[in-house]
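Asker: The lines below spell out each chain.
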Amino acid sequence: MDKVKVKLFAAFRETVGQGELDWPLGPAQTAGELLDSLVGEYPGLAGGAKSALVMVNRRYATRQTALQPGDEVAFLPPVGGG
Amino acid sequence: MDKVKVKLFAAFRETVGQGELDWPLGPAQTAGELLDSLVGEYPGLAGGAKSALVMVNRRYATRQTALQPGDEVAFLPPVGGG
Amino acid sequence: MIIKITDQPLNLQELIDDVATEANGGVVAFLGVVRRWNDGPDGQPREVHWLEYEAYKDAAEEVMRDIARQVEEKWGLTSLAMAHRVGHLEIGDPAVGVAVGAPHRGIAFEACEYAIDTLKATVPIWKKESWETGAEAGQSWVVNKESAQPE
Amino acid sequence: MIIKITDQPLNLQELIDDVATEANGGVVAFLGVVRRWNDGPDGQPREVHWLEYEAYKDAAEEVMRDIARQVEEKWGLTSLAMAHRVGHLEIGDPAVGVAVGAPHRGIAFEACEYAIDTLKATVPIWKKESWETGAEAGQSWVVNKESAQPE
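Going down the list, the sequences are from chains X, S, W and L.
Using my numbering, the first residue of the first sequence is number 1, and each one after it goes up by one.
Using my numbering, the first residue of the second sequence is number 1001, and each one after it goes up by one.
Using my numbering, the first residue of the third sequence is number 2001, and each one after it goes up by one.
Using my numbering, the first residue of the fourth sequence is number 3001, and each one after it goes up by one.
No lab work stands behind these hints, which were simulated from the structure alone.
Please read all numbers here as calculations on a predicted model, not as lab measurements.
Some hints could be false.
Claimed, not checked - Partial selection, computed: residues in chain S whose CB lies under 8 Å from chain L:
| # | residue |
| --- | --- |
| 1 | 1007 |
| 2 | 1010 |
| 3 | 1011 |
| 4 | 1051 |
| 5 | 1052 |
| 6 | 1053 |
| 7 | 1054 |
| 8 | 1055 |
| 9 | 1058 |
| 10 | 1074 |
| 11 | 1076 |
| 12 | 1078 |
| 13 | 1082 |
Just so you know, even glycine gets a beta-carbon here, dropped at the ideal spot from N, CA and C.
Work the whole structure out from these sequences, hints included.
Answerer: See below:
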């Protein structure tokens, strides 16, 4: 089955218990759909999912961005650098 | 006779040939009047006198400032720091 | 052009030297230092014990390079250097440094402020704060009010 | 509070350390460096060989202290450090450094820009430039366009 690499940081990483997951990718799946499937598996993500930023292959993307097998998809809590 | 110390910098210092002068002070003389008497003695100052800034005792003053014996009076070309 | 996420202490002089060229007479630098007091979510000040910064390193450096490109597009003739530290930081430790060199200082001020504002909104870095108020203590992820929102 | 006219090389880190307190999370610094190219009075660029800065030292430090007081009055809760070098300077040498620390960075940017703008208008320091254009060469006192005018 096709897969993507999911990266999780900060509060999301703590909720899931790890910073990186291999995750199955359905046909023509978008980043938003993938996030929904993650929340289904890890309900603790539900609260933060709405404000999550999305990156695909280390570039900002949106929930509408279509994913390809092998993509690196990151869900980011609001940032706190500086 | 009462005197003031006159300080000259940059182009004014070069025109006069020195950076410090003891200068006679007339009764109730202002900084502007003192500058006029300096220009009388050193005509090379005439060109720059109009744009000269005035300090009395190391504080900005005006041509109307009345001088006291012993004051340190400085005539400054436009500044160029930074 | 120095652009980096690092777990080593920041050296602002290194950033300044990187942007102070023979053509750039004005260098403006910003240094963000860990403060002892920070406002909690209720607006009340909390005493900070330490911070722990975490970054999505490769992506963060890519976004920082984007900021440098935006600055060059907007103001031209500028150079920018930027570094952010990650890991455990104590009070007084520099967390972020930005230096901008430009032929004239007005541009350097504008570009440096734009760069740090944009960093705080968009660079994927997170900060966990260990705090106490006297009555309470805890560890919290602290979000920038400038943080970008999802579309 | 470091406020000084000096004939020694400037150390910006010293100024930054002076204003980076536990309360001041944001430090903005300006460094003015001798450029190789500067516009002559006709607006054409001239190559600079060296600069010679001269100051009315005691008065200059007094005016710089005034600027620090103005910054504190206008923005409060800030700290300012400022140093200007005098004597012979070569291309690339720092001539002036200003650092402002404040609890929030917006204030620090505003106050630092105000401080260097006001220094260039009012602090009694003069600059002789040794220049050449290829066709001509000379030494000239160069005036800031910001310089204060007599009342």
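Asker: Report holds or violated for the interface hint on residue 1007 of chain S, using the least CB-CB distance to chain L and a cut-off of 8 Å.
Answerer: holds, 7 Å
Asker: Have a go at the residue 1051 of chain S hint: is there a Cβ in chain L nearer than 8 Å to its own Cβ?
Answerer: holds, 7 Å
Asker: Let's test the interface hint: is any C-beta of chain L closer than 8 Å to that of residue 1058 of chain S?
Answerer: With a closest approach of 4 Å, the residue 1058 of chain S hint holds.
Asker: Hey, does the residue 1010 of chain S contact hint survive, CB to chain L under 8 Å?
Answerer: holds, 4 Å
Asker: Hint residue 1074 of chain S vs chain L: min CB-CB distance below 8 Å?
Answerer: Holds: closest Cβ of chain L sits about 6 Å from residue 1074 of chain S, inside 8 Å.
Asker: Tell me if the interface restraint on residue 1082 of chain S is satisfied: Cβ within less than 8 Å of some Cβ in chain L.
Answerer: holds, 4 Å
Asker: Quick check on the hint: residue 1078 of chain S CB to chain L CB, less than 8 Å?
Answerer: holds, 4 Å
Asker: Using 8 Å as the Cβ threshold, decide whether residue 1053 of chain S counts as touching chain L.
Answerer: holds, 6 Å
Asker: Tell me if the interface restraint on residue 1052 of chain S is satisfied: Cβ within less than 8 Å of some Cβ in chain L.
Answerer: With Cβ-Cβ at 6 Å, under 8 Å, it holds.
Asker: Is the interface hint satisfied for residue 1011 of chain S? The criterion is a beta-carbon contact with chain L at less than 8 Å.
Answerer: Constraint on residue 1011 of chain S satisfied, holds at 5 Å.
Asker: Please check whether residue 1055 of chain S passes as an interface residue: C-beta within 8 Å of a C-beta belonging to chain L.
Answerer: Residue 1055 of chain S check passes; min Cβ-Cβ to chain L is 6 Å, inside 8 Å.
Asker: Restraint: residue 1076 of chain S near chain L, CB-CB cut 8 Å. Satisfied or not?
Answerer: holds, 5 Å
Violated hints: none; the structure is consistent with every hint.
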